[in-house]
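S.K.: So you can see what is in the structure, the chains are spelled out below.
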Amino acid sequence: AQSVTQLGSHVSVSEGALVLLRCNYSSSVPPYLFWYVQYPNQGLQLLLKYTTGATLVKGINGFEAEFKKSETSFHLTKPSAHMSDAAEYFCAVSDRETGGFKTIFGAGTRLFVKA
Amino acid sequence: NAGVTQTPKFQVLKTGQSMTLQCAQDMNHNSMYWYRQDPGMGLRLIYYSASEGTTDKGEVPNGYNVSRLNKREFSLRLESAAPSQTSVYFCASSEVQRARFNEQFFGPGTRLTVL
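So the sequences go chain by chain: A and B. By the count of the numbering used here, the first sequence reaches residue 115 at its end, each step adding exactly one. By the count of the numbering used here, the second sequence reaches residue 1115 at its end, each step adding exactly one.
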């Protein structure tokens, strides 16, 4: 069965600093991987996704993630944090074993950005 | 183009009461989902409908029923609400084809409190 682990339920960075949110997955088949962002009192929005091909994936708002098969990781980074990045971030893997109908979400990491 | 809409936005129930959460999407997606979000647990799949006319259980289906009314609408029913069902409920939709990624589009959520 597939699973997702996000390291750190809370991450705090200063404005302008590097953002690094960690995600590890387990999957018996090549995974489809996603990062979603949730702003307060809203639903989730897709930040970026990895399906096949290039392992460095660029998303919206300057975020990017790198798929590393050997490490079973898909960490999310942004070179310089902005106050507007404060939100909760979810890593997810699409359950290809069931044809992709199910998506398994991590527990989430809340990002705080200090002025 | 409203995307995914949910009603109501907020609801307070007493233990044992019933209610139906409504969800509609205007993106002509085949698949629809109901999740619940609880602190520290990410999103957990309650039920999903891979296509019109089909529904399947997710990770936490007990205490819930669903109806895929047509391609646009997917409702979630609580027959006898319990305090453990206090949560934020999200509806999502996606276009899923085999061997294609499963990006989901989320509604704004329903905050349900069961007293």
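No lab work stands behind these hints, which were simulated from the structure alone. Mixed in with the good hints there might be a few duds.
[As the list claims (entries may be wrong)] Derived Cβ-Cβ restraints for the label pairs, each shown as a range:
| hint | chain 1 | residue 1 | chain 2 | residue 2 | range |
| --- | --- | --- | --- | --- | --- |
| 1 | A | V29 | B | S1080 | 16 to 26 angstroms |
| 2 | A | R110 | B | P1083 | 36 to 46 angstroms |
| 3 | B | S1051 | A | G16 | 40 to 50 angstroms |
| 4 | A | V29 | B | M1041 | 17 to 27 angstroms |
| 5 | A | E64 | B | V1012 | 38 to 48 angstroms |
| 6 | B | T1015 | A | N41 | 22 to 32 angstroms |
[Unchecked claim] The calculated lysine to aspartate or glutamate pairs, modelled on EDC-like cross-linking and capped at a C-alpha distance of 20 angstroms, are:
| hint | chain 1 | residue 1 | chain 2 | residue 2 |
| --- | --- | --- | --- | --- |
| 7 | A | K49 | A | E64 |
| 8 | A | K58 | B | E1073 |
| 9 | A | K49 | B | E1079 |
| 10 | B | K1057 | B | E1079 |
| 11 | A | K58 | A | D85 |
| 12 | B | K1014 | B | D1026 |
| 13 | B | K1057 | A | D85 |
| 14 | B | K1009 | B | E1073 |
| 15 | A | K58 | A | E88 |
| 16 | B | K1071 | B | E1095 |
| 17 | B | K1057 | B | E1073 |
| 18 | A | K49 | B | E1103 |
[What the hints assert, rightly or not] Sample of chain A residues facing chain B (criterion: CB under 7 angstroms; computed from the structure):
| hint | residue |
| --- | --- |
| 19 | G108 |
| 20 | F112 |
| 21 | A115 |
The C-beta atom is built at its ideal place from N, Cα and C for all residues, glycine as well.
S.K.: Can you give the numbers of the hints that this structure goes against, from lowest to highest?
M.R.: Failing hints, ascending: 1, 2, 8, 9, 12, 13, 20 and 21.
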